[in-house]
Amino acid sequence: MIWRAIVLGFVMLLGISLGMAGDAPLQQEDPLEPRLKSIAVQLRCPVCQGETIYDSHSSVASQMKALIKEKIAEGRSDAEIISFFVERYGEFVLMEPARRGAALLIWLFPGLALFAGSAAALLVLHRRKSLLGPATAAGTDTGELIARIERLEP
Amino acid sequence: MTTEAEKRVLLPARAWWKPALIAALLALLVLFAFGLRRDASFMPSARVGRLLPDFSLAALEGEATIKSASVVGTPHIINFWASWCGACREEHAVLVGLGERFAKDPSVRMLGINYRDTRANAGQFLKKMGAFPYPSAVDPDARTGVDFGVFGLPETFFIDAGGIVRARHIGPLTPTAAETYLALIGAGR
Amino acid sequence: MSGSLIELGMAATALALVLALCCVAFAIVGNLTGRPAFVHVARQSLLANLVLVTLAVATVVWSFVQNDFSVAYVAQNSNTRLPLIYRLTALWGAHAGSLLLWLWFLTLYSALAVLLHWESHPRSMPHVMTTLAGVQVGFLALILFLSSPFTELHPAPAEGRELNPLLQDPGLIIHPPLLYLGYVGFVVPFAFAISALVRGSAGAEWVMATRRWTLFAWLFLTSGIMLGGYWAYYELGWGGYWAWDPVENASLMPWLTGTALLHSVMAQEKRNLFRGWNAFLAITTFALSLLGTFLVRSGVLTSVHAFAVDPTRGAYLLVFLAVVTLGGFGLLVARAEALRSEARLDGSLSRETSLLFNNLFLMVATATVFIGTLYPLVIEVVAGERITVAAPYFNKVVLPIMVAIVMLMALGPVLPWRKSSVPKMRQLLMVPFLVGVAAIALSFALGVRDLTALVALAAIGIVLSSIALDIRRSVRARIAVSGESWWRGLRTLALWNRRRYGGFLVHIGVTLVTFGIVASGLFLETKTVVLAPGDRFEIGGYALRFDGVVPVEGPNWAARQANLDVSYGATPLGVFAPQRRNYPRGEMTTTESAILSTVSGDLYLVIGEELAGNRASIRAYYIPLVNWIWAGWIVMILGSLFALSQSRVEAPAARRAGGTAMAVRP
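Chains A, B and C, in that order, give the protein sequences. Just so we're aligned: 66 in this note's numbering is position 66 of the first sequence, and the numbers increase by one with no gaps anywhere. Just so we're aligned: 91 in this note's numbering is position 91 of the second sequence, and the numbers increase by one with no gaps anywhere. Just so we're aligned: 357 in this note's numbering is position 357 of the third sequence, and the numbers increase by one with no gaps anywhere.
Please note: incorrect hints may appear among the correct ones.
To be verified - Computed list of lysine to any residue pairs in SDA-like fashion (alpha-carbon distance at most 25 Å, straight line): (1) A:Lys37 - B:Pro140; (2) C:Lys527 - A:Pro25; (3) B:Lys18 - A:Leu123; (4) C:Lys419 - C:Leu349; (5) A:Lys37 - C:Tyr234; (6) A:Lys69 - C:Thr591; (7) B:Lys127 - C:Arg585; (8) A:Lys69 - C:Asp535; (9) A:Lys69 - C:Thr528; (10) B:Lys18 - A:Ala120; (11) C:Lys527 - A:Arg76; (12) C:Lys396 - A:Arg99; (13) A:Lys37 - B:Ala142; (14) A:Lys71 - A:Pro31; (15) C:Lys527 - A:Arg35; (16) A:Lys69 - C:Gly608; (17) B:Lys18 - A:Ala119; (18) A:Lys37 - C:Trp244; (19) A:Lys37 - C:Thr591; (20) A:Lys69 - B:Arg143; (21) A:Lys71 - C:Thr526; (22) C:Lys527 - C:Ala232.
Quick caveat, the hints were computed from the structure, so don't treat them as lab data. Quick caveat, the model's predicted, so the values are computed rather than measured.
Isolated chain A (complex conformation) (with noise of 0.2 Å):
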């Protein structure tokens, strides 16, 4: 069973096609589909913890998926579309949160707390370093020590 998984792991990585058996025609997608994900992957799926509504089994889901369908071959723009649900479920069904208003903060927190803790770190090492000068070589196994003779607790 492995070597069959490795076997058919180095047929495909190698790209060969064996040529398809059979003779129905193939089924393709929508081509709606590829649209239609795009859009519903920014789409929080109303009743689910934290799911797309494209990724989830849900019935609202599915049937919030087929609206998008109906909009798209209207003609509308995904911007439009997304308002569109945005207008009737409030920004809660965005699945990321807009860079304005409040939730800017969350955007720019991380870049923040990296740049004052590289600032503040690096600031401390040049200070440290400059106050004490250059680093003596006697004291290479102080740490080591002091930790031994901390272990031997009486």
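Chain A is already provided as a structure; the job is to place chains B and C on it using the hints.
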């Protein structure tokens, strides 16, 4: 939090991180305390404060068509229900009670919307639980539900005489909650 | 009759609460008045609690086995048709039993910590026992008064309800125990950190004592998270393994800080640096483990339709969390002066500095996950609005930080302690840098355009080549002295210095996981097709024929099953059958995917809606290289176990050996 703590190691002489750490911790605990008191089903409706959406739906019983225009003019309670919805059974008696009350008092009217259901299942549900003393419309493909911004059943909307949605209740309706909302649409006791 | 059995369990738990309180009192008084006999009483109480709680767990498990529906917890989470294996594991199928499992592990760790460190750390013992018993009191009271699995039903129902169908799966048999072994394991470093703070001696002693505990807990937490991902992958039916759900984030946060602790203790051990910081990390990691329990169990972060949440329990958990965190961090603040590092960070290019940045990145990642998870709550409390912070945010923001951490893995292990020089660095990193450039060029040629992915792939190349070069240097130095063969030299070095080589192995595992995540995300294929019986379609090189949907009956479920005949080229691979299962007693539906797994990728099939004319919508995913994630996990486990296998007696000798190897280095 990171940076404070990070600096603490590096700048032991300055103790500003101490009050900051404790303050952050307290703020967090206060946030959780508020979080615990919140209503888990709290979900502001984008529809509240706006005119109810247009709809034109077939009635569950009979051949009639129920239109949103007919709702404007009288305060309305619109309840979304379905036979597959377990929590709808919990609120059934409350809805029937309200329906009987407003059958005698025409200042408020009620409308059920049977949501993503089949007529057969809905009929069976009503046979078992008792019929609503008010009409229901059918919304089999959730079109109207989406327009109302329905998350999950049951949900109940309270609409004033001007056709403006004043409140939305998520979950089984209780008599106390109903009274609060009725006051909002000018039909309190 | 069985009723009396569960009463026995309840009595045992009540007695355990008394003994835990007793342990706290005797340990404190014994320590203050200097009476060893009192401390001994505390020790015996803690050991007795393991026996008592084991007994309590046994009574609940036995009630499940016996289908004793007079026990409310059994009636709610099991029924006579539930297979025995799931009745045995239904203990952790819901809230009350999960807490009991938590408590059981807590008593287990407490007893082990006392037994293992009684001789070597007599001064710390009273404080460690006080802390452990204090945490036990918190959980015992919660279980007894607010979340009891011992409640009885009179009269007993004839049939029970249903174990959550999502949990009726082999993966879920071991996922929660692994996760809890990880969460709870951090209680020992926490207790030792508290002890060190109370005693005002934050030397390397507590760090040495808890280093292996930390690694042990980390190993289990890693495995719990990975297994959870694997379970989500094949059980939830959306082709993914990690959804950045609050529950998942709650397990990731202590993992991140635990990882930081695992690294930064080295600085304290070797150089006596980061003393206060390590205490902070130990407290934070345990606090985050508790926070995970709080977030999951209190209903603070649940979805719209989670109606049944007990507010008293939430309030209790909050108070418990407040006591632990305010106690721990308060102590840290009060004793901060005693923790000042005397040693100093003295070179900008050194192992210490790279550890500092490793910790910085890990903490920024933790803080970002923390804020992202809690921000919807903040917005709700402050502005009265609901927003969603989900996978797209975390993927965009946290993944780059994670990639930076992977990148640091190339640097950290090869940098010497104390000081290095730029020319030396250039010499160490020239080849890895070229490998990184080559990796980027190759990926770019293969069509990768995503910046984070490109950097991640480069990082993988850099890390692997840096590890390989380091090992090569050490082995060469070794065999130059000993004259051994290359393989023997490597063996000797690795066995002498298991922590270092175990660490390398863990790092290699991390690169495999990273590779799996990046590649499966980049080359994922999805297709949703509507098929009539006999229809064929292709994905990821596989040809599939739809043979219709049939009903299937299980012991406690009924399913609609789509049969798909899969072949690759001319090779038939058999019928794969995704299902949608309905569990009538629990009124729940689950999606069972069908997965064809190979080294190069998974074909992942899910049944969608059934339509008129026997047609059905099938969602198919081709997820390349996803199995590398699980393979990397195995490597991480092996590395951790190898590092753990270094006995404490061996350690100094091995450290010297490692030192020699490093000194011989050109």
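Quick rundown of the hints versus the structure:
no., hint, in the structure
1, A:Lys37 - B:Pro140, "holds (24 Å)"
2, C:Lys527 - A:Pro25, "holds (17 Å)"
3, B:Lys18 - A:Leu123, "holds (20 Å)"
4, C:Lys419 - C:Leu349, "holds (6 Å)"
5, A:Lys37 - C:Tyr234, "holds (21 Å)"
6, A:Lys69 - C:Thr591, "holds (24 Å)"
7, B:Lys127 - C:Arg585, "holds (23 Å)"
8, A:Lys69 - C:Asp535, "holds (23 Å)"
9, A:Lys69 - C:Thr528, "holds (13 Å)"
10, B:Lys18 - A:Ala120, "holds (17 Å)"
11, C:Lys527 - A:Arg76, "holds (23 Å)"
12, C:Lys396 - A:Arg99, "holds (13 Å)"
13, A:Lys37 - B:Ala142, "holds (20 Å)"
14, A:Lys71 - A:Pro31, "holds (14 Å)"
15, C:Lys527 - A:Arg35, "holds (12 Å)"
16, A:Lys69 - C:Gly608, "holds (16 Å)"
17, B:Lys18 - A:Ala119, "holds (20 Å)"
18, A:Lys37 - C:Trp244, "holds (20 Å)"
19, A:Lys37 - C:Thr591, "holds (20 Å)"
20, A:Lys69 - B:Arg143, "holds (13 Å)"
21, A:Lys71 - C:Thr526, "holds (22 Å)"
22, C:Lys527 - C:Ala232, "holds (20 Å)"
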